[in-house]
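*Asks:* For reference, the chains in residue letters:
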Amino acid sequence: MSFADLYVLNSPVAWLLWFVVLTLAMYFARWPAHRTIMSLARALHRAMRLTARSLLLLQEQLQARNREVLLAAGREAKERIIEREFERIDAAVRRDLAECPTLHRRLTEQATALEEDHEQSKDVPPTPPGWVKAVQAVAEIESPRDDPMVGQILEAVHVSLIKAQDQARAEFRTATRARHEHLKKMMGYWRSALQLLAQVESKVTRLIQRTQIIDRHIADYEEILRQSDRAERMLTSSSLVQFFVSVFVLCIAVGGAVINFHLIARPMAEMVGGNNFIGSWRIADIAALVIILVEISMGLFLMESLRITRLFPVIGALPDKWRVIMVWITLGLLTSLATVEAGLAYMREILLQDELATSALLRGEGGAAFGNQFVWITTAAQMGMGFILPFALTFVAIPLESFVHSLRTVLGVVLTTGLRMLAALLRLVGDGCRYLGGLLIDLYDVIIFLPLWLEQQVKAHLAPPAQPVSHPHKTAKVKESLS
Amino acid sequence: MNRWRPIALAALALALAGCSGEAAPTTRGVYLLMDTSGTYTQELDKAQALINALLAKLDTGDSFAVARVDTGSFSEKDIVARVTFDERPSTTNQQKRKFREEIDRFVRQVTPAAYTDITGGILQAAEYLTEKAPGRKTILIFSDLKEDLKEGYLRDLPLTVDGFEVIAINVTKLRSDNVDPREYMIRLEDWQRRVESGGGSWRVINDLDRLDRILG
Numbered sequence: 091m092s093f094a095d096l097y098v099l100n101s102p103v104a105w106l107l108w109f110v111v112l113t114l115a116m117y118f119a120r121w122p123a124h125r126t127i128m129s130l131a132r133a134l135h136r137a138m139r140l141t142a143r144s145l146l147l148l149q150e151q152l153q154a155r156n157r158e159v160l161l162a163a164g165r166e167a168k169e170r171i172i173e174r175e176f177e178r179i180d181a182a183v184r185r186d187l188a189e190c191p192t193l194h195r196r197l198t199e200q201a202t203a204l205e206e207d208h209e210q211s212k213d214v215p216p217t218p219p220g221w222v223k224a225v226q227a228v229a230e231i232e233s234p235r236d237d238p239m240v241g242q243i244l245e246a247v248h249v250s251l252i253k254a255q256d257q258a259r260a261e262f263r264t265a266t267r268a269r270h271e272h273l274k275k276m277m278g279y280w281r282s283a284l285q286l287l288a289q290v291e292s293k294v295t296r297l298i299q300r301t302q303i304i305d306r307h308i309a310d311y312e313e314i315l316r317q318s319d320r321a322e323r324m325l326t327s328s329s330l331v332q333f334f335v336s337v338f339v340l341c342i343a344v345g346g347a348v349i350n351f352h353l354i355a356r357p358m359a360e361m362v363g364g365n366n367f368i369g370s371w372r373i374a375d376i377a378a379l380v381i382i383l384v385e386i387s388m389g390l391f392l393m394e395s396l397r398i399t400r401l402f403p404v405i406g407a408l409p410d411k412w413r414v415i416m417v418w419i420t421l422g423l424l425t426s427l428a429t430v431e432a433g434l435a436y437m438r439e440i441l442l443q444d445e446l447a448t449s450a451l452l453r454g455e456g457g458a459a460f461g462n463q464f465v466w467i468t469t470a471a472q473m474g475m476g477f478i479l480p481f482a483l484t485f486v487a488i489p490l491e492s493f494v495h496s497l498r499t500v501l502g503v504v505l506t507t508g509l510r511m512l513a514a515l516l517r518l519v520g521d522g523c524r525y526l527g528g529l530l531i532d533l534y535d536v537i538i539f540l541p542l543w544l545e546q547q548v549k550a551h552l553a554p555p556a557q558p559v560s561h562p563h564k565t566a567k568v569k570e571s572l573s
Numbered sequence: 006m007n008r009w010r011p012i013a014l015a016a017l018a019l020a021l022a023g024c025s026g027e028a029a030p031t032t033r034g035v036y037l038l039m040d041t042s043g044t045y046t047q048e049l050d051k052a053q054a055l056i057n058a059l060l061a062k063l064d065t066g067d068s069f070a071v072a073r074v075d076t077g078s079f080s081e082k083d084i085v086a087r088v089t090f091d092e093r094p095s096t097t098n099q100q101k102r103k104f105r106e107e108i109d110r111f112v113r114q115v116t117p118a119a120y121t122d123i124t125g126g127i128l129q130a131a132e133y134l135t136e137k138a139p140g141r142k143t144i145l146i147f148s149d150l151k152e153d154l155k156e157g158y159l160r161d162l163p164l165t166v167d168g169f170e171v172i173a174i175n176v177t178k179l180r181s182d183n184v185d186p187r188e189y190m191i192r193l194e195d196w197q198r199r200v201e202s203g204g205g206s207w208r209v210i211n212d213l214d215r216l217d218r219i220l221g
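Those protein sequences? They're chains A and B, same order as listed.
For our numbering, add 90 to where a residue sits in the first sequence, where the first one is 1.
For our numbering, add 5 to where a residue sits in the second sequence, where the first one is 1.
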């Protein structure tokens, strides 16, 4: 074996020689190597911790900003709700108060009628005179037997008295009947008055319920103004719910738009040609898409003009007169586009039938495709869908507004969570680097265990028995500095 | 302000280029050569079915021509019917119906040709399709590929079919092929060599039940 062969690791002797050389080199370079590993591990650890700290600070700033935006948005939304509640209560009060004079007049009329009837029922019927006793007394007088004249007179008195008594009784009964009739009429007035009072009560109850709702909103509003954690949690939860609901509704709307697109894309080729392209997109498809997007835009403007949504403050700030004009213009355009779509849907059906007929002809089946007598149903359905879908898509503005408003919160939540997780991961990696440094130092010593052991043996022989070994405490020091 | 002008102009040019509405090279051009020589005229009903299938498959903007292969096929007179479909689907359907009627009329009135000039037909097809400049050019040869030239006709020239797809359809075996099948093989190989040396691609489809494979 020549010396040059030792450079090539093709024999066990060469391997052994290189191992010894490397072990010795590592032994002599032990402390610088330990310090290098330690420094590297410490540097990585600190860098990771520093980055994690920065990310946490950024996350805190972002969270604070999110909180501000969320509370501001929540305050605005709550103000809107309270404003609308007040508008409703104002309308209800106006409506009910407008009825108040009528109600008052009716109640007064009822009361007057009741009073009159009461007065009339108070008239006491004439008390029956003491005819009874007089008649009885006259009747009990014995007529003298010897004077028939007296007997006749008494008899006449008796008859007269009975007649007068009958007359008095009849008058008494008539007067009592009249009183009863008055009392009977009073019952009707009384019931009517009770009904009126019940109406008043229900209106007052409704008002009280509305005020309770307003109270709840005001309580929430106050919570938001106090910028409490509860308010933040409430608004975040509300935003998340709004986000998912609006995404769901928007997905449905996208489905509607896709159906709409397929309804008009084919006949569009009749208008703009079926073989012209912009890039890899057919112009007919783009035209159909543009029509649908214009319809959606018109729907947005219509909703804005009606103040149902508030995506464009410019439209909301327009004077009422201009806003109404805008409503009519957008509605007109939307109706025109819907009519165009219905026409295109009809054209689509005609084209489809024509294509089917041509295909049948080419297959040698004659005009078999025209045999379907129920074609008008699909035609009518397509036309109906073509007309209705643009108006249905108008309502996309509402979930879109919710989506836009809640997206800010959701993105904020996702971003802050992501930053927090990244910071935790960096801290974990930093700690891992630190422990890895310790592990590498131990591994280093494991590789050079033989010279270390020899060193220990030599030192044990040379040093006095009581003295501790020199190097282990250095290793411990290095590890301590790492931890 | 001047600094932004070139960028604005570039953006405008890009937008205008994008919105030019030029037809993208997605159209197809198909030229069908129908062999009308000898006994192969009996196969014309199959050619009719093939044409109908092709008509059903072609779309707006595509070009389609059907020509007969006879004694001297390098001539516009041999084109039986030709059409470039309109961009409107309804007009395309009308054109398809009219095309079919023309083919039916031709098949009813066709008389067998004495000679078979396939090379002339291919040259005519290449010229027609190059002029139409569709995105994809296909020459269909509905023939037994047995070329039989009249004396004096020179056709030993190279085919220039670079970028063309040449498909031989319904290549029937002749009686002599049955005696010596090598003749059939050699005939096919010879055509393949000529087409491929001219820059085209070569395919043979004998199963007419799978016509959908013709235009991919």
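Careful, some of the hints might be misleading.
[What the hints assert, rightly or not] Facing chain A, from chain B, some residues (calculated, C-beta under 7 Å):
{"#": "1", "residue": "G66"}
{"#": "2", "residue": "T76"}
{"#": "3", "residue": "Q100"}
[To be verified] Derived CB-CB ranges, DEER-like:
{"#": "4", "chain 1": "B", "residue 1": "L162", "chain 2": "A", "residue 2": "L383", "range": "55 to 63 Å"}
{"#": "5", "chain 1": "B", "residue 1": "T135", "chain 2": "A", "residue 2": "V337", "range": "47 to 55 Å"}
{"#": "6", "chain 1": "B", "residue 1": "K103", "chain 2": "A", "residue 2": "Q443", "range": "53 to 61 Å"}
{"#": "7", "chain 1": "B", "residue 1": "T135", "chain 2": "A", "residue 2": "Q443", "range": "53 to 61 Å"}
{"#": "8", "chain 1": "A", "residue 1": "L383", "chain 2": "B", "residue 2": "K103", "range": "54 to 62 Å"}
{"#": "9", "chain 1": "B", "residue 1": "R187", "chain 2": "A", "residue 2": "Q443", "range": "35 to 43 Å"}
{"#": "10", "chain 1": "B", "residue 1": "R87", "chain 2": "A", "residue 2": "A482", "range": "27 to 35 Å"}
{"#": "11", "chain 1": "B", "residue 1": "K103", "chain 2": "A", "residue 2": "A482", "range": "54 to 62 Å"}
{"#": "12", "chain 1": "A", "residue 1": "L383", "chain 2": "B", "residue 2": "R87", "range": "34 to 42 Å"}
Please keep in mind that the hints were generated in silico from the structure rather than gathered at the bench.
By construction, the Cβ of each residue, glycine as well, lies at the ideal position given by its N, Cα and C atoms.
*Asks:* None of the hints should be skipped; say for each whether it holds.
*Replies:* How the hints compare with the structure:
1. G66: holds (3 Å)
2. T76: Where the cut-off is 7 Å and the nearest Cβ of chain A is about 31 Å from T76 (chain B), the hint is violated.
3. Q100: violated (10 Å)
4. B:L162 / A:L383: 55 to 63 Å: Holds - the Cβ-Cβ distance for L162 (chain B) and L383 (chain A), about 56 Å, lies within 55 to 63 Å.
5. B:T135 / A:V337: 47 to 55 Å: Holds: the Cβ-Cβ distance is about 54 Å, inside 47 to 55 Å.
6. B:K103 / A:Q443: 53 to 61 Å: At roughly 19 Å between Cβ atoms, Q443 (chain A) and K103 (chain B) fall outside 53 to 61 Å, so the hint is violated.
7. B:T135 / A:Q443: 53 to 61 Å: At roughly 37 Å between Cβ atoms, Q443 (chain A) and T135 (chain B) fall outside 53 to 61 Å, so the hint is violated.
8. A:L383 / B:K103: 54 to 62 Å: Violated - the Cβ-Cβ distance for L383 (chain A) and K103 (chain B), about 38 Å, lies outside 54 to 62 Å.
9. B:R187 / A:Q443: 35 to 43 Å: violated (54 Å)
10. B:R87 / A:A482: 27 to 35 Å: At roughly 47 Å between Cβ atoms, A482 (chain A) and R87 (chain B) fall outside 27 to 35 Å, so the hint is violated.
11. B:K103 / A:A482: 54 to 62 Å: violated (42 Å)
12. A:L383 / B:R87: 34 to 42 Å: holds (41 Å)
Hint violations for this structure: numbers 2, 3, 6, 7, 8, 9, 10 and 11, all remaining hints satisfied.
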